[in-house]
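Trainee: Single-letter residue listing:
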Amino acid sequence: MMAPLLLEGSMFYFILNRLAQALLVMAVVSAISFSLFNFVGDPVNNMVGQDATREQRIEIRQQLGLDDPILVQYQRFMLNVAQGDFGLSYRIKQPVSQLILERLPATLELVFASAVIAVLIGIVLGVYTGIRRYSWVSKIIMSVSLIGVSLPTFIIGIGLIYLFAVHLRWLPSSGRAGVIELGGWKTSLLTIDGWRSIILPAVTLSLFQLTMILRLVRAEMLEVMRSDYIKFARARGLANRAIHFGHALRNTLVPVITIIGLNIGGLIAYSVITETVFQWPGTGLMFIQAVDFVDVPIMAAYLIFVALLFVVINLIVDILYFVVDPRIRRGGS
Amino acid sequence: MTNLLEINNLSVDFPSRRGQVSAVKKVSIGVAKGEVLGLVGESGAGKSTVGNSVINLLEPPGHISGGEIIFDGMRIDQLSNEEMRKIRGAKIGTIFQDPQTSLNPLMTIGKQLSETLIETLRISGASAREKSIELLESVGIPYPETRLDAYPHQFSGGMRQRVVIALALAGDPDLIIADEPTTALDVSIQKQILDLIKSLCKQRNLGVIIVTHDIGVIAEIADRVAVMYNGQLVEQGKVTQVLQKPKHDYTKSLISAVPSGDQKLNRFTVVDYIDGSEEKVSMKNVGDHWLSKNKTSKTHDIAVLVKNLSIEFSIKKALFRKNRIFLKAVDDVSIEIMTGESFGLVGESGSGKSTLARLIAGLYKPKSGDIQIFGHNVLQKSEKTKTSLIRRKMQMIFQDPYSSLNSRMTVEDIVSEPIRFHRSTGNAIETATVVRDLISFVGMPSTSLKKYPHEFSGGQRQRISIARALASRPEILICDEPTSALDVSVQANILNLLKDLQEELNLTMLFISHDLPVIRQMCDRVAVMQNGRICEIAETDKLFDHPKHEYSKHLLGLMPRMDLFRL
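From first to last, the protein sequence lines stand for chains A and B.
Using the numbering used here, the letters of the first sequence correspond one by one to residues 1 to 333.
Using the numbering used here, the letters of the second sequence correspond one by one to residues 1001 to 1567.
Among the clues, some could well be false.
[Unchecked claim] With a Cα cut of at most 25 Å, we get these calculated SDA-like pairs of lysine to any residue:
1) A:K231 <-> B:K1131
2) A:K231 <-> B:G1158
3) B:K1091 <-> B:E1137
4) A:K231 <-> B:C1201
5) B:K1091 <-> A:H244
6) A:K231 <-> B:S1011
7) B:K1365 <-> B:S1314
8) B:K1086 <-> B:I1076
9) B:K1307 <-> B:P1547
10) B:K1131 <-> A:N240
11) B:K1328 <-> A:R327
12) A:K231 <-> A:R215
Hints were generated in silico from the structure; no laboratory data involved.
Isolated chain B, as found in the complex (with noise of 0.2 Å):
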């Protein structure tokens, strides 16, 4: 068989000023036509560099070092930029990540379209137009006519990203070049998405090469896979054969690493075949440190009441209050979360479930009802001292670990900072110490506290974002997406230190996610939300095993079939 893509020992290199970086290192594969070949691996692996680099978009300085890309039986590697670019679209279609940015915001979804049609197809505009609403409408856009006028801010993410395909087959290509097409979606657009690509590629006869970090995907709909790790193709072959029986060892471990939504495990499994990945965290006698003392919990059973809580927020602006629209983002949403608790949140994105933790942690004000912290009621103004008491002994950990660390400050005062704005140690001297402490708990070398943010990996700095919440001596911690911005590999590890962190310190927890799986294996109990209300509370296994409501029922139904290769 031909492929209609051959890649043939490609390697690409990055010149620094360390040196040269192998991005790839003589990686071969293969695209038949109607078939969807899986290229999975975590960041850094080089998955996206070899996606770049049969387009020739390679960032520079990079560069093909060496091999050769065959495309429909011609060398397309050597190939001019304008000769390429005459390939680009025309032939092989590409679809990036996240739909918010791929598209011009300041040009019709129509006009986009048809520059495409016209520039590939060299098609008049009228005809442009007419191929424009055939391309959205084999899309699934509905009333294609009446979208071509609009802008990429009117569509949803789900439909931006189905504009995004449209646009990629404007040229009519033989082969789609897919770069991680669902991450930034919910997990039922993920779905929609993901079957839009392949039967696309069964009716058109496309090759389909989907690059992703994420194995649910590729057992989704990849007919074979193949695996990076490092630069280097460590295995490929169908994608049952690799996914049930893998013969590497990185693609094992990879593979166990992805948590199960089946059954609970005491703790996640971590991938050991990376180099280090799994610092031991040594937490002795942690009753009698620093850490421990200072407890208002023991004397509450229950950490955080939340009665008939509701906020709004304006989404239409207006001189009087009847044209006014309001968004009701957490609807009349009560919960009980006990001490020592695990307390899941789970919903897509725009359920409310991350402004309702921002709302428990004081960042916003609420409308309407009651939060209560340990009996103690927090909205009260008459007593604002004790609030701010009680409002330390909450601490949050946030999704991007980039973004919620101060850049411009050393690990060290990052974690100090808490520790000297409470004044909650006697000294100088005693602040190092529990700062070295703490840097130690969370698994990190002593050495990084004298270091920057950006010289962390996105798994170290969740780790100090964890140490510098800790450094509040929090009984309630409130972590939103800890790891969903993180690999699997470095996810299991995050999710395991704040599993022991939990059980070593009695911590309260409310976890919120919209991954299932993970939020099976952590909490205790489960709370669903969709639209800003609360559908059902149960207990993590009950919820699972018998989801009562039927938006839960949906939720778990779009859990990636990972009974396919769970033996």
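Same shape as in the complex, but just chain A (with noise of 0.2 Å):
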């Protein structure tokens, strides 16, 4: 029984609405950043001395295409961006792509380090506090999470900081070390050194997301097994297993995936922060030095790559939410 394409309810439908709805981000948030040439100060004035006299001005103007009608230059920029080019950054004049293509795998490494500490971690203690609600374990996970939550990032990486680098001894303060290149990418994650230098970073950074991660699952725990069907399955005499992992944590993941796909972006967005106090080389800690420099160009496409990464982690979760909820998919059979 094939669903015709274009109906709602095929998946074919759902994912071409979606990336439409995807384009139409993009297109707005390509539009702002280009605002930031027109709006974030004159980048000819952080490019020349003090002393550059008003000729050479003009000519750095016209290199850039400064003079151009607003539109003319709109154009020129999403032409570019299409193609991938971002244009040089003022202060480093090395093209933007090829400087976020370089630092883009330790800020990928470290983000997928923290996602799979926030994911894992909260997941098991969020169904082990919603099981077992009233044991002491879970009071004391429950009153620790708060401190993860109320907690900023910074003070927690310079807690941890504190207490494994300087104090125990145990691991590196700072930097990204054991960085081996694979195949055009330079990863850490081969070798003691690089696990030793990204752990610190990874757990600061995911600490937040997990905490919230673990309340929503406990929540959502708590509220599926009242339910009439987990009642139900426990009168049909199922074990325990069963109707814990079996059908109460698949109800509780539903939302679950929702904040947890928008939380990676967060992820993204937060390592900024954790970039900074652990000195990570990757494109958040790039972003914070092109804003003191006003460096437009990376600072425009720092901003286009996030919303892509947001846009893309949202496509794939609305994916999973079809291939697991199938009240979702409705119309199948």
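Grab the two chains, each in its own frame, and use the hints to assemble them into the complex.
Mentor: Written as structure tokens, this is what we have:
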């Protein structure tokens, strides 16, 4: 029984719909990042010395095309962006896309490591505290999790550095060590030094998301455990394991997936702070440095890049949602 | 005769802050194989608690505080959780009230069936699949092989309840406890499900306990009946004996409170056994009261005129219009409601009766057609102010008294809000007096003004809803299943109240219900709806005695067999 491709309820229509929305979001974000060029100060001031002559300034303006009409500039910007060309960094005078690509592995590995920590530990502890609601272990977990929610990332980072790097001297305090080149991708996940250096920043970055996921899973779990189908599953004589993991957990995950998706985007956004605290050579650190120097091409490219990540992650989440919850794929049979 | 299940002197306590609450007090009942025992009572009577204690699934902190439960010659009330789990499903199956919520929405029914089969019968996956098909077939689901991979939401309510029954039967139990198995279903489906349970009971020689508040269900299916009131067993015996010659006063009044579909009475019989259930309504000089002023209805004979009204809801969206699918919820409907009349609207769920009411109340916009209220076309945009004045003359009372009152407002605020909004009194002092009067008109003490909705029972809340509706000085009252969430005894009071108010205030009433006996008692004329269309409009007595349309006959045929206990 094939559903017609363009009907709502078919996977194809669903993805097409989401893709159209994603394109719209990207168009809006690129317009905003383009406007940075015109509203965040005059880049020429930052590029030339104090004693540059008026002619030199005009020449640079012409080179950068800053005197063309706005729409012409915008068209040029969009065409370049579509080809992956974000222009030259004002400060380093290198192509922005190359700079981002160089630093991307560091950020992605950091985000990946902390997402794994947050999701795994968050779900496990959330399920545990949801099922054993009144045990003292749950109470301790819930109290400690308050710290994760309420402390700002940089304080946690500095605290961890003090404890594990300065006081105990177990782990390095900053930087990314043990980097190996693997087919154009610089990874630090293959050496012990690399692992040692990623632990602290990854834990710091994950802590907030971990506690969010923990609390969300727990709340959803409590809700689901009260539902009629859990009671009916008990009345059918199913074992606790089947009820908790076969029935309850899957229903819990439906809303949790959405939040996790949004939060992985959040991890990338928060990585700016973590990378600064740990001097982690990723895109976040590069962005902060770019802001200091009003390096607009990097800022604009970073904005577009983060938006793209958010959009892609959300698209994946929507598709996952579609896979997990049969009620969304209507029309099937 | 040794019974399959024997409950002796069972007591269940729920400790709370205010001390112990005894939900069940020394109840003794028994069920034999091949027998259906009906456990009947109103909400809070403790009947579900009895069912839950048998399978040891009491909501904490509830616990069995006395007595014993003997199943198949073995005491089961003291078993450990793990031992009890082996009895649940394998020996005692359970059916819950709402098939919408008792199945896991994310799992195919085939998977839910086979996991239960594998757990209870210890069989392999392959034979579980075979057995699942057999089970689905035995509960009357067509083409079971193709339905195994379907998810619960792909079944209708009645079919879903059949799946639930198949699941309850999966472990091949000897006893089935069915807790309000048909309350969430339409009358026609209710009959099918009850017939199914009855025939399964005979075929498989099962003991069945049906827990219900509905005497109609008991009359339909039970062999013996036990009546519970306030945690106690007041009477038990053969169904014909208990229903025809009830011994206990509570049973008598409970039976007499069931509205009759056979003849029209002046008032609903009230369950007088329950203390203080009927507060006397005193509405003296209501003609001079604030409520009766400012009437527009006197000059018009027709209160509501609906002409060729239609509305569609899209149930499948698509890029191209030809691929879209619409559901005609109301399809070319025309009705006339006379001023001061009680107009009934019956039909099964999905027939469009609530949608029609909402269209008239202005909550939906129709696709085509006309609505005139007191001769004024309310769909014309040009006369917006006048329309809103007319709309005020129309108020709605909803089905669920729990969700239709704002839980963060006091009763006084709830009732006075429409008055303050419309500025229909001169000053705050007058508003306070009017609110006080309204509350006493609906039979509530004035002490309730400062309380919040959660402090009241369902029936009391529905009275508050009525007071709130009256506060707009309506001349047309739309009641959408106003009593279907309530117990019979409470239902009788609310319906009597509505009748009194209608008489005193000369209200026009549009009364929606799926309950035919209630319609017969309440309404002057009735319209029967099916699939968004009106099948028949007739005077109530004519419709009930000589229905013309096939569907009306079908509906009337589904009325519970009240003749069994009407003498």
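Trainee: Now look at each hint and say whether the structure bears it out.
Mentor: Taking the hints in turn, this is what the structure says about them:
no., hint, in the structure
1, A:K231 <-> B:K1131, "23 Å, holds"
2, A:K231 <-> B:G1158, "20 Å, holds"
3, B:K1091 <-> B:E1137, "21 Å, holds"
4, A:K231 <-> B:C1201, "23 Å, holds"
5, B:K1091 <-> A:H244, "23 Å, holds"
6, A:K231 <-> B:S1011, "22 Å, holds"
7, B:K1365 <-> B:S1314, "14 Å, holds"
8, B:K1086 <-> B:I1076, "11 Å, holds"
9, B:K1307 <-> B:P1547, "24 Å, holds"
10, B:K1131 <-> A:N240, "24 Å, holds"
11, B:K1328 <-> A:R327, "23 Å, holds"
12, A:K231 <-> A:R215, "23 Å, holds"
Against the hints set out earlier in the document, no violation occurs for any number.
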